[in-house]
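Novice: These are the residues of each chain, in order.
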Amino acid sequence: MTEAVLSVRGLTRSFGDHRVLADLDLDVPAGRAAVLVGPNGAGKSTALRCITGVDEADAGTVTVLGEALDERSATIRAALAVVMDDLDFFPDLTVVEHLDLFARAHRTDDADDVVDDVLEEVGLTAQSGQLPTSLSSGQRRRLALASAFVRPRRLLVLDEPEQRLDQEGLEWLVTRLRAEKEAGLAILLASHSPRLVDAVADDVVRLAGVGGP
Amino acid sequence: MTTESRELWADIRHWRRSRRTLSVGEALQDLYIGVFAVLMLGSMLISVLVNLSDVGDRACVAAECAAARSLLPWLVVGTALAVLWSLARMVGPVAVSPGVAGWLLPAPVDRGELLRGRARGTVLLAAALVAPVAAGAATLAGFEVPVLALFTAGAAGLAAYGVGALVHAQTVGRRRHPALLLGPVSLVAVAAGLAAIAFSVEPALSAGSRARVPALAGVLLVWAGVVVALVRARILTARLRRRDVAPGGVLVPGLGGALATLDLALMFDVLVAHATARRGVVRPRRGGPRGLAALTWRDVIRLRRHPGRLVLLAGSLLVPYAVAAVGGRVVVVLVEVLVCFVLVVPFLVALRVLTRSSGMVRMFPTPLGPTRAAAVVVPGVLLLAHGLLSAPALGRTLDATVGDLALLGAASGLGGLAAGVRWVTGRPPDYGRPLVSTPAGGVPTNLYGSALRGFDIAVLTALPMLLAPTGGGAVVSGLLSVGVIAYLCGRR
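Taken in order, these protein sequences are the chains called A and B.
Converting from the first sequence to the working numbering requires adding 89 to each position, the first position being numbered 1.
Converting from the second sequence to the working numbering requires adding 103 to each position, the first position being numbered 1.
Derived by calculation from the structure, the hints in this document are not laboratory data.
Be aware that one or more of the hints could be misleading.
In silico contact screen, one side only, chain A against chain B (beta carbon under 7 Å); selected entries [to be verified]:
1. Arg193
2. Thr214
3. Ala215
4. Ser223
5. Asp255
6. Trp261
The calculated label-pair distances, taken between Cβ atoms and stated as ranges, are [to be verified]:
7. Asp144/A with Gly472/B: 17 to 25 Å
8. Leu259/A with Leu284/B: 48 to 56 Å
9. Asp114/B with Ala288/A: 51 to 59 Å
10. Ala341/B with Leu259/A: 17 to 25 Å
11. Gly383/B with Arg161/A: 32 to 40 Å
Glycine included, each C-beta is placed from N, C-alpha and C at the ideal position.
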């Protein structure tokens with residue numbers, strides 16, 4: 090079997106007496122997608138937060154490209170593209186300026202072309218001069234997702250990426266994630282969308298919520 | 104079937120009264136501590152102002168100082184008017200709550216009758232806000248009571264007239280209405296006053312007894328203008344569209360909520376979001392360097408997009424020169440730090456977003472510290488230049504070598520930057536932590552401190568220069584500033 094880009098062992102997280110995650114094991118090799126599913130409060134977002142280093146797990150290990158997770162590591166930051174629900178945009182930069190900034194910050198080759206392609210793909214070309222406050226919530230979600238696609242990446246982590254997307258947007262996301270897999274990327278996402286899970290998931294991890302100490 | 108707006112208001116009043124659990128008298132009884140506190144603090148403030156005025160009478164005897172002192176109320180009122188008119192323009196000035204915008208404005212009632220009370224209230228509120236500021240400044244300047252009353256009435260009238268003119272601009276919906284220039288014109292007048300002090304031109308603005316009659320006529324004229332503005336607003340408010348009055352109504356609760364927790368940085372966020380939402384679309388600028396320099400380059404783009412901020416920063420150089428001209432001596436350093444602190448905040452929008460959004464920090468390939476530091480480079484360069492350009496002002500009042508003056512100027516700019524970074528990166532009051540018990544209920548430990556955030560660092564970084572206004576003091580201050588900036592940029 091191909092070596093896992095992301096490997097999680099024994100991930101455990103509690104809030105006070107309430108245990109949210111218990112001994113989560115997970116491997117995501119290159120070119121495959123793992124999807125966390127489960128009801129609200131099952132621990133999907135908590136798992137993603139611990140896996141990406143936003144939150145600290147009580148126990149367990151996370152390795153990315155064979156390196157223990159340290160979100161300060163330049164290698165990991167360069168490989169790991171994360172889109173959660175906490176992305177807040179610069180209020181005074183336009184849509185295209187955001188993507189241009191992310192692409193240049195990551196030294197993306199042919200940044201202009203990549204940004205133009207992604208803008209067209211997510212359907213925001215007409216909004217390229219708009220400031221984020223004037224976008225609809227669905228358009229802001231598309232911009233957040235687009236931010237992950239203008240930069241180099243080996244592992245894509247998305248928290249409920251289907252949120253606020255219309256049907257057309259969801260189909261675009263399915264197509265895009267399949268293309269990402271074909272390009273050899275490892276994908277980990279949490280989702281409530283049966284369409285997304287059916288179309289993209291190679292491995293489905295069901296979280297039911299642990300509860301109790 | 105149509106409904107009279109009076110009937111609607113009566114229904115609303117009835118609905119509110121039927122659900123209230125306290126009368127106004129009972130609410131005041133509950134708030135007696137607050138009422139007493141306001142009365143006590145107000146009387147203390149008046150006492151302090153009168154005492155300071157007496158001190159000024161004794162200490163400020165030189166011609167230059169006396170001339171500057173006579174200009175003080177004009178500068179204070181000019182600044183207050185500029186701030187007030189800018190805020191009024193941002194809010195509306197006529198604004199309605201989301202409830203009124205959603206339920207009452209679409210109703211088939213006389214919109215003018217719904218809105219004219221708000222227009223009138225806003226105009227009179229402007230007068231009520233500026234009057235105490237004007238009276239306080241006039242007291243400090245040592246104005247006699249009749250002159251003080253005249254000055255206060257004039258300033259209040261001017262504030263009300265300006266807001267009335269802005270109501271007119273709002274009703275006609277013109278983007279180039281002359282009333283929209285009131286704020287900038289007021290700032291230019293303040294700059295002219297500062298320049299007069301800085302270059303030791305001594306204008307005689309202390310109203311003598313002969314000037315009182317024309318001054319009284321002027322004040323009466325201004326108030327006649329206020330009456331005309333109110334009458335005109337009464338007629339024109341019916342023309343206001345929902346989109347003219349609804350955004351301000353969303354802004355006010357946002358600002359109120361932030362103010363309730365003394366989270367001033369959140370107020371800044373609300374104002375920036377409101378301003379950008381109104382602007383909506385701008386011409387995008389692409390390209391620039393790669394790596395973290397791309398983040399710094401965006402600050403350069405911001406400068407090109409908002410040249411007004413740069414003009415204001417450049418104009419503020421007059422302040423240290425004016426203070427030096429009236430013999431401010433080493434106080435010039437503190438003033439320079441404070442000026443830099445206050446004016447750098449609008450340049451730190453990127454740092455603010457990188458502070459409040461961990462998601463945005465994750466979008467960059469570098470750790471937190473260097474990423475945030477990249478957002479401080481351009482403001483830092485601007486303030487270093489500001490500090491260096493203020494050095495000749497120090498030279499007018501301090502006996503120091505050119506090298507020392509340059510170091511003091513640069514350290515002052517850095518001190519202002521450190522204070523600005525502290526203000527922008529401050530944590531909001533945390534209601535999740537143990538609260539301190541007060542008569543007003545439980546409050547977070549950092550609630551009151553948040554009002555002083557930034558000023559603490561401004562004083563801390565200025566202190567070494569105040570104690571030793573030499574190159575050594577400047578180096579210590581500079582090191583302190585760099586340490587504070589490095590710590591705050593790297594803090595999670």
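Novice: If a hint holds in the structure, say so; if it doesn't, say that too.
Specialist: Against the structure, the hints come out as follows:
{"no.": "1", "hint": "Arg193", "verdict": "4 Å, holds"}
{"no.": "2", "hint": "Thr214", "verdict": "12 Å, violated"}
{"no.": "3", "hint": "Ala215", "verdict": "11 Å, violated"}
{"no.": "4", "hint": "Ser223", "verdict": "4 Å, holds"}
{"no.": "5", "hint": "Asp255", "verdict": "22 Å, violated"}
{"no.": "6", "hint": "Trp261", "verdict": "21 Å, violated"}
{"no.": "7", "hint": "Asp144/A with Gly472/B: 17 to 25 Å", "verdict": "20 Å, holds"}
{"no.": "8", "hint": "Leu259/A with Leu284/B: 48 to 56 Å", "verdict": "49 Å, holds"}
{"no.": "9", "hint": "Asp114/B with Ala288/A: 51 to 59 Å", "verdict": "54 Å, holds"}
{"no.": "10", "hint": "Ala341/B with Leu259/A: 17 to 25 Å", "verdict": "46 Å, violated"}
{"no.": "11", "hint": "Gly383/B with Arg161/A: 32 to 40 Å", "verdict": "38 Å, holds"}
Of the numbered hints listed earlier, those contradicted by the structure are 2, 3, 5, 6 and 10.
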